[in-house]
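One letter stands for each residue in the lines below.
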Amino acid sequence: MNTQVSLDLKVMLETQGLCKYWGGLKALDDISLQFFDKQLHGIVGPNGAGKSTLLNLLCGHYKPTRGSILHKEEAIEAIKPYAFARRGIGRSFQKTNIYPGATCLENCCVAVQRRMGGSFNILRSRYTQKVLDEIASEALEKVGLGARRDVVASQISYGEQRQLEIAMVLATSPEVLLLDEPMAGMGHEESQLIIELLKTLRREYCIVLVEHDMDAVFELSDQLTVMVDGQHLTTGSVDQVRDDPRVKEAYLGQGDEVF
Amino acid sequence: MTTSLFLVQLINGLQYGLLLFLIASGLTLVFGVMGILNLAHGSMYMVGAYLVWYFVEHTGSFGLSALISAVIALLIGILMERTLIRQLYRRNHLDQVLLTIGMIFVFNALQGLLWGNDPLGVAVPSALSSAIPVTDVLEYPVYRIFVALFCVGIAALMYFMINKTRLGMLIRAGESNREMVECLGIDIRKLYTIVFAIGVMLAAIAGVAAAPMSSIVPGMGEHILITCFVVVVIGGMGSIKGAFIAALLVGLVDTFASILVPQLSSMMIYILMAFILLIKPQGLFSS
Amino acid sequence: MFNSNKMRNALVAAMATLTLSSPVLANEQPIKVGMMLPFSGVYGALGDATRNGLKMALREQAAQLHGRKLEFIEIDTEARPERAPEIASSLLNNSEADFIIGPVHSGVAMGMLKVLRGKETVMIVPNAGAGPVTGPLCSPNVFRTSFSSWQPSYPMGKVALDKGYKKVVTMSWNYGMGKESLDAFEESFTAGGGEVVKKILVPFPKTEFQAYLSEIASINPDAVFVFFAGGGAVKFVKDYDALGLKGKIPLLGSGFLTEGTLEAQGPAAEGVMTTLHYADTLDNELNKAFRTSYKAEFGKASDIYAVQGYDTGLMIASAVNQLGGDISDQQALIKALGETTVKSPRGDFTFSAAHNPVQNIYLRTVENGENKVIEVAAPALADPARGCKL
Amino acid sequence: MLFNKRTERIFFWVFFPLALLMPLFLAENTFFVSKLTSIMIFALFVMSLDYLVGRCGLITLGHAMFYGLGGYLFWMIAPEYEAVNFWVYTFYICMIAAAVALIIGFLVLRTSGIYMIMITLAFAQMAFYFFSDSIEFGGTDGLFIYVKPETSIFGLSFFDLDNPTHFYYLCLLSLFNTLIFFRILIRSRFGRVVDAIHENPGRTTALGYNIFVFRLMSYVIASALGAYAGYLFTLQYGFVNPSMLAWTTSGSALVMSILGGMGSIYGAILGTFVYEGLHYVLEHLTEHWMLFMGALIIAMVMVFKNGIAGSMEKLLEKRT
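Protein chains in written order, with our numbering: chain A, 1 to 259; chain B, 260 to 546; chain C, 547 to 936; chain D, 937 to 1256.
Honestly, the hints are just simulated from the structure, not real lab data.
Hints may contain errors.
Computed list of lysine-lysine pairs in PhoX-like fashion (alpha-carbon distance at most 20 Å, straight line) [what the hints assert, rightly or not]:
hint, chain 1, residue 1, chain 2, residue 2
1, C, 725, C, 752
2, C, 834, C, 704
3, A, 63, B, 539
4, C, 744, C, 704
5, C, 665, D, 1084
6, A, 142, A, 63
One chain only, chain A, in its complex shape:
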């Protein structure tokens, strides 16, 4: 069910020799990857492999120790964290990261408003811009939260909060989606919802997915990267990776039961 990577695909995001050291600890060492437009790129690896670090670098949350990040062939590793989002690089977090005190709609509105402007208008009511509400509602509909738009975010279930987070990212109308374990801590049915969602999204965006649920990753990925101890192990199609003996070893060595 995996599509082969076609060579004429546009490179959206690229890392070149990306390193992140914490003192002596090499959280990420010399990672060079390419992420293509309208493709889903899965990243797997045992705990501490540096997956989240990679995402944090890609979204500008951390600054790399060395190496560069290219977005549409422009080096962006030196720009400010908020500028990543403005270039269309949106991310969701491993731990739910929403505005718990606001309604689901308001959560998405914050995201939409960035793009729509008017954030420095101190006089006009935030409730008067209909188009903003519409885009935000659309994002909610897309992730299946249409019915919950006026509920305060802290009141909805955990799974729904994860969905809301994806909706917020979508509402910024990104080109790149960096998703950090969107299915962590979810039940089977809820996970299924997210998988279905990602299936529809992966032909619209460049998606980088870090996920522990191997079945889901195998099902969704166009390309798959395995990382171990901050190092790049292999990248390829799902089948290529699945048959790679080094991958098995890496996981077995960790004692994780994966396959």
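Take the given structure of chain A and dock chains B, C and D to it, following the hints.
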């Protein structure tokens, strides 16, 4: 400035800095371990000074009075923690600010009621009342050297306690992870009571030590409180080592600024703090 | 105001017996005396002493009040200047006080003055020495029973010259009263050929004096002249002694250096020489009586602040007496107050045109924990009242 | 709706009509009119602090710097003996204070939490010593201001500032305007981002907002209004003193704001009136007012979890 004057000022600065450390150490300890911002810390400095004055008047012995004062301060600390501070662990810093400001009012009022508003003084204990000649005119009183050494001793003791003892281990663990301490089967509330009481006692001991070389007056706590916060923040909130170095830094800067740039001397420690925080927004040794 | 209530009851009882015997009931309304003094904080002791003295005087002079009862309204200023206008306005417009007594702190005095200048009440300053109060900002309804900061310090310049001191270091807190005191000393000292080799202004209310004293020791002047008061004075005198300067470099000061602080300073203060408009050992009957009854009543030795409060009371009583108890005519009251000769423990004094005392300034030295008078440094000294048009 | 909580609307409709009528009852006693005026001025100051601390999460202990600056600025820029226009000088003072806040905010907003508390304190102390050490600014004795501005707009004058009742209404109007202004601000799109930053700064950055700019703008707005309050205070009695800039002024404003209910804006008025009211009653009752004041503050922290406004809301809001 001549070399001898420079050396004398150096000693002045160090001695002032060491005293500041003694006062600030309790504040930073309580903040580091419990996350409590105790604005009433300065009041305990005042209480220590008044207590030792009161007992010296009645017993005549400075050493004995110092001991009694420290014990009373410890008890006050336990009482404060058990009755009031404990209610606020789950509330934010601002509620703690409000509570401890309320305590400042109460302590100030009690001071007025119990001891009146007249400035008071305690004589230097006779065993330490001699002085060492430095220049033709200047002498250095033995008591002040004793206090400086005492402060170094307290610093060493705290270092030992935090790094080498079981209590210290719990304190360090409590700083980083509250749940973990609870998993170890330790009642964290007991630990907090102890730490808070020690913090309060340190402030009071500083008041006791300062009493013979200063005047005991109403409001002495508030003035020192701000300087204390400057020290703690420069050092990095919660860091004893940071407080030690910052205290010496503040003592030296204040002393030399008084002589070299008198027009700016009132602002100098604040300029220092602003400068350090702009470079290191978390202080010198933040944990 | 628990105290004042008690006080008021006592007074009412006393008045009641008096009024029975007095033939004329001049006025049924009590005389309202508003007090704006610090009763807490650094200046608290000064406020307490002033109030004690004032009440003592008015009780002793009850016979002069022509049956008028007294009502005290006491408000703690906390020595916060920014609150002063509001409290003054409270006493003026809400309590409608006939006399407003206060303050201790010069900044508060300025705030009060802003509201009370030229108003329908009499303001009497029992301490704050700020020059402008009886200088450029003087006003018919504003009196001062204490001093201008110029007064106690000016004579010391001559004293220092007489002792043969040529090079002097001066030092005080960096605020109005301190700077005015140093200037007054310098004025007379340099006029007589002396030289101020260094002037040290310490940020207020800092009391870390060691660095400055070390510097003074290295300069080694003929003498040191300082202005400090209250807790700062205690700390300064103790530091001066502890660092060994005492006995080597004579310490001179404006008299507040050793007022209300001697007990706390202990032996460190012995031999310190100061000038002030009062001394504990002044040899007159009034002073002895005052000191004895003050000690008996309040359990502690009186100081200059108590005397100033006491004199304020005497001044009010005498003016009320002269007007036969009727103080409704403000012009008459001001005239009566201005012409009063206060028979004070500090010696009789009168008021200048600017309403500042014209008084003796004494040279004193500390002996056995008491300010002992040596001589009159300047008899009947009047403040130059620069800038006052009265 | 400008006020989205019932409690807020009730407060609004009780407080302002009452305040509007108050001088009619107090005509006899100019002091109480002045007293209420000064409480309202301080409430305005507390409100600007409450916005900063409660809505933006920027805790400062240096806000009094702007309060004092408002006063001193007027002395500095107003000619000594000429009539000046109140509104024009309001504009000048707010603008200069905003410019100062822009520079200081640029520096202090790099820190956060307790470090920000301390660095704001540091700047305020520098300003405090600057004014209290300098002879030109009257030192610790402060300064008198003899100018009373006139308040005409296009030749129409509504307020005579020498008349305490008129000044009362001017301050009431200012307080009213500030409350409405903050409500509009909070409801606005800018306010949306401010709320978002307060609730979750990391998330807001990840959505592409430069949160520093929003914080800086809030800091500038609050500081300008703080200076406006200081300007009004100075006008009331024509007196400026460095103690306006003392850290205790910031401290008590913070206490009033917490007492009222952080971030509720209208709670600032509640907190200031309750605190100042208690202070006034206690200090006239006993010279040991501090003891009772302290005990009451402690009791209130224990009882009111989210300040007075929070407790009122708990009582008056419908459960949803």
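Handout entry: Broken hints, by number
Key = 2, 6
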